[in-house]
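Going down the list, the sequences are from chains A and B.
Residue numbering for the first sequence follows the numbering used here, beginning at 1 and increasing consecutively.
Residue numbering for the second sequence follows the numbering used here, beginning at 1001 and increasing consecutively.
By construction, these hints were calculated from the structure, which means they are not laboratory data.
There could be a bad hint or two in this list.
[What the hints assert, rightly or not] EDC-like, lysine to aspartate or glutamate: derived pairs with alpha carbons at most 20 angstroms apart: (1) B:Lys1247 / A:Asp140; (2) B:Lys1050 / B:Glu1182; (3) B:Lys1197 / B:Asp1066; (4) A:Lys27 / A:Asp107; (5) B:Lys1241 / A:Glu63; (6) B:Lys1187 / B:Asp1089; (7) B:Lys1196 / B:Asp1027; (8) B:Lys1243 / A:Glu252; (9) B:Lys1241 / A:Glu304; (10) B:Lys1216 / A:Glu304; (11) B:Lys1227 / B:Glu1200; (12) B:Lys1216 / A:Glu63; (13) B:Lys1216 / A:Asp107; (14) A:Lys280 / B:Glu1237; (15) B:Lys1016 / A:Glu283; (16) A:Lys273 / B:Asp1222; (17) B:Lys1247 / A:Asp119; (18) B:Lys1243 / A:Asp107; (19) B:Lys1227 / A:Glu304; (20) B:Lys1050 / B:Asp1150; (21) B:Lys1227 / A:Glu283; (22) B:Lys1167 / B:Asp1150; (23) A:Lys27 / A:Asp119; (24) A:Lys219 / B:Glu1057; (25) B:Lys1197 / B:Glu1091; (26) B:Lys1167 / A:Glu63; (27) B:Lys1067 / B:Glu1051; (28) A:Lys219 / A:Glu165; (29) B:Lys1067 / B:Glu1106; (30) B:Lys1032 / B:Glu1091; (31) B:Lys1107 / B:Asp1081; (32) B:Lys1243 / A:Asp218; (33) A:Lys273 / B:Asp1066; (34) B:Lys1002 / B:Glu1200.
[Unchecked claim] To give a feel for the contact side, a few chain A residues facing chain B, derived at Cβ under 7 angstroms: (35) Ile12; (36) Ser13; (37) Ala104; (38) Tyr128; (39) Thr187; (40) Ala250.
Every residue, glycine too, gets a C-beta built ideally from N, C-alpha and C.
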Amino acid sequence: MKVLVIAEHDNISLKSSTLQVVSAARKLGNEIQLLVAGHDCAAVAEQASHVEGVGRVLVCDHESLAHQLAEAVAPLVIQLGSNAAAILAAASTNGKNLLPRVAAMLDVAQISEVMAIIDASTFVRPIYAGNVLATVQSSDPVKVATVRTSSFAAAQIVAEACAVETVEPRSSQTQSCFVSASHSTSTRPELGSARVVIAGGRGLGSAENFHLLDQVADKLGAAIGASRAAVDAGYVSNDLQVGQTGKIVAPELYIAVGISGAIQHLAGMKDSKVIVAINKDPEAAIFQVADYGLVADLFTALPELAAAL
Amino acid sequence: MKIVVAVKRTLDAYVKVRIRQDRSNVDLASAKMAMNPFCEIAVEAAVRLKEAGVATEIVVVSVGSDKVQEQLRGAMALGADRGVHVQADDELESLNIAKLLRAVVEKEQPSLVLLGKQAIDSDNNQVGQMLAALCNYPQATFASRIAIADGQATVAREVDGGEQVVKVTLPAIITTDLRLNEPRYAKLPEIMKAKKKPVEVLTPAQLGVTLRQHLKLVEVNDPPPRKAGVRVGSVQELVAKLKNEAKVIA
Ligand SMILES: Cc1cc2nc3c(=O)[nH]c(=O)nc-3n(C[C@H](O)[C@H](O)[C@H](O)COP(=O)(O)OP(=O)(O)OC[C@H]3O[C@@H](n4cnc5c(N)ncnc54)[C@H](O)[C@@H]3O)c2cc1C
Ligand SMILES: Nc1ncnc2c1ncn2[C@@H]1O[C@H](COP(=O)(O)O)[C@@H](O)[C@H]1O
Chain A
1 MKVLVIAEHD NISLKSSTLQ VVSAARKLGN EIQLLVAGHD CAAVAEQASH
51 VEGVGRVLVC DHESLAHQLA EAVAPLVIQL GSNAAAILAA ASTNGKNLLP
101 RVAAMLDVAQ ISEVMAIIDA STFVRPIYAG NVLATVQSSD PVKVATVRTS
151 SFAAAQIVAE ACAVETVEPR SSQTQSCFVS ASHSTSTRPE LGSARVVIAG
201 GRGLGSAENF HLLDQVADKL GAAIGASRAA VDAGYVSNDL QVGQTGKIVA
251 PELYIAVGIS GAIQHLAGMK DSKVIVAINK DPEAAIFQVA DYGLVADLFT
301 ALPELAAAL
Chain B
1001 MKIVVAVKRT LDAYVKVRIR QDRSNVDLAS AKMAMNPFCE IAVEAAVRLK
1051 EAGVATEIVV VSVGSDKVQE QLRGAMALGA DRGVHVQADD ELESLNIAKL
1101 LRAVVEKEQP SLVLLGKQAI DSDNNQVGQM LAALCNYPQA TFASRIAIAD
1151 GQATVAREVD GGEQVVKVTL PAIITTDLRL NEPRYAKLPE IMKAKKKPVE
1201 VLTPAQLGVT LRQHLKLVEV NDPPPRKAGV RVGSVQELVA KLKNEAKVIA
């Protein structure tokens, strides 16, 4: 059974989320093909060829694919995947942008944020901000699904490389074009795959105060996250938002500071292995999911924590 | 320029959902319902485009049981001019909803279709992209800024690494993210006026759409509960527990 996996990358390096999607794909088929669609992306294809379990890397290198716009990538995915048992991508903003378009073109359903694969047509996925897990069964010939990467182990990187095949681009669409991108630069680990995440909420009070998290993050090698209230208030940029409508994380350790624990926030972090909450309100909902709760003023607790680590 | 806005009736965002005892589905029998928050943002975006003189007419459409007319009225109280109610089951799959919306789009011929990026019940994040595919329109998903000029929309998108700006030719599909705007509240006179605005009721058959089931809901379950945590009295105690008990820091 062939499974087509859409590689997540920035034309320079393969994103680690691809490794988890490959693990999910291996539960659905034994012939895994990894599509690298991009521009000047030879290095990504090379990395992709070393992912354990991948039988073939398909690389489509063309300037029309430089920004992986859905209008350009979808026809390519259809061409390569319409005879596959499944087409999978990470439940990233890229995957979510692309796969529903692909599914509709194939006249099949799309299954979002798959957390578990029960059999080749039965999947578990979260609904209602993760407060309910739905088991759904698909009767479609091709299963098109995005994968919640935090729910699957990463495939290994191996020494031997599989075959890399070049494919031609499909469309010369002019409906949409890329204008610009602004990427937040950070030397910290990626939020989605970090071992430790420290996240701040409205309780931090200002963009300046938000830097109080830095010292602790430095000591722990942690990624920094935020609640929506902190993003809305402009303390940090939107790509740090954790939650139902932000990033879903499941690190070994999640430290929530000055976050009340709204269901939309919990949706993004409650599968973390160990949760610490620091909040001055003993009634805050975040304490209901915290393994270790500290009722304290964050302005004294954070410097103390940085010093104690 | 005409704008079509698709809105969904969903469980109120601040209500906790319960599942039925037989686990066949969630229990919405007496739950508080509302317009999906992302759809409110889509309606607000349309109203602002009309206020700015860019749009001339706003048609709001919802697919579902008769109860969705409540949300259509709500959208009209915020400034939509008229409503289209497509009569269907409340639990239709995304692809079927997209097919019904395509039929409405073909009928209405708007320059722009606005949808929420995600319904907070299904958490699907699909209908806009599917509609774009079915109409063969470009798509700008997860919008946090929209500017319309010269038959094109320039849209800032919230993506994983930060922000991406794309330009799409109209007609196009745009799905809204939370930071696009802050929706206004309806004022009483507007609510009264909205009661008189027209709502067209259509069936899938009238729209020439055959619905097909692709997915079966086998069961629903509560997520595994987390084991009860403990309170620590000090930062020192916290660090000691993380080191020696949880063993997550060295
Ligand atoms: C459709 C929708 C989607 C949403 N998606 C998301 C999402 O993806 N992610 C998300 O996070 N939210 C999301 N939200 C918003 C969510 O409902 C909450 O409003 C938000 O999470 C609150 O953020 P907060 O906890 O930082 O702020 P608040 O609820 O204001 O909590 C601040 C906390 O800080 C504590 N505090 C204040 N000062 C101190 C101090 N000095 N020391 C210690 N503690 C202090 C307070 O006790 C309080 O508990 C969404 C909402 C909707 C409607
Ligand atoms: N039943 C419906 N009627 C009208 N619009 C809908 C319906 N379901 C979904 N939508 C639109 O599609 C968006 C995304 O929903 P979803 O793909 O289900 O997460 C919503 O925010 C609405 O704009």
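*May I ask you to test the interface hint for A:Tyr128 with respect to chain B, counting a Cβ-Cβ separation under 7 angstroms as satisfied?*
Holds, about 4 angstroms.
*Given the hinted pair B:Lys1197 and B:Glu1091, is their alpha-carbon gap at most 20 angstroms?*
Given pair B:Lys1197, B:Glu1091 is violated - Cα atoms ~27 angstroms apart, limit 20 angstroms.
*asked:* For the restraint on A:Ile12, tell me whether the closest CB of chain B is nearer than 7 angstroms.
replied: violated (12 angstroms)
*Once the shortest beta carbon distance from A:Ala104 to chain B is found, is it less than 7 angstroms?*
holds (4 angstroms)
_Pair hint B:Lys1032 and B:Glu1091, alpha-carbon separation not exceeding 20 angstroms_ = The hint holds at about 17 angstroms.
*Is the straight-line distance between the alpha-carbon of A:Lys27 and that of A:Asp119 20 angstroms or less?*
Roughly 8 angstroms separates the two Cα atoms, so the pair holds.
*Starting from A:Lys273, check that the Cα of B:Asp1066 is at most 20 angstroms away, please.*
violated (44 angstroms)
*Are B:Lys1241 and A:Glu63 close enough, with their CA atoms no more than 20 angstroms apart?*
violated (52 angstroms)
*Measure nothing beyond the straight line between the CA atoms of B:Lys1216 and A:Asp107; if it is 20 angstroms or shorter, mark the hint as holding.*
holds (16 angstroms)
*Please verify that hint: A:Ala250, Cβ, nearest Cβ of chain B, below 7 angstroms or not.*
violated (12 angstroms)
*Please work out if B:Lys1227 and B:Glu1200 have their alpha carbons no farther apart than 20 angstroms.*
Since the Cα atoms of B:Lys1227 and B:Glu1200 sit roughly 51 angstroms apart, the hinted pair is violated (cutoff 20 angstroms).
*Are the Cα atoms of B:Lys1243 and A:Asp218 separated by 20 angstroms or less?*
holds (17 angstroms)
When each numbered hint is compared with the structure, violations occur for hints 1, 4, 5, 6, 7, 10, 11, 12, 17, 18, 19, 24, 25, 27, 28, 29, 33, 35, 36, 39 and 40.
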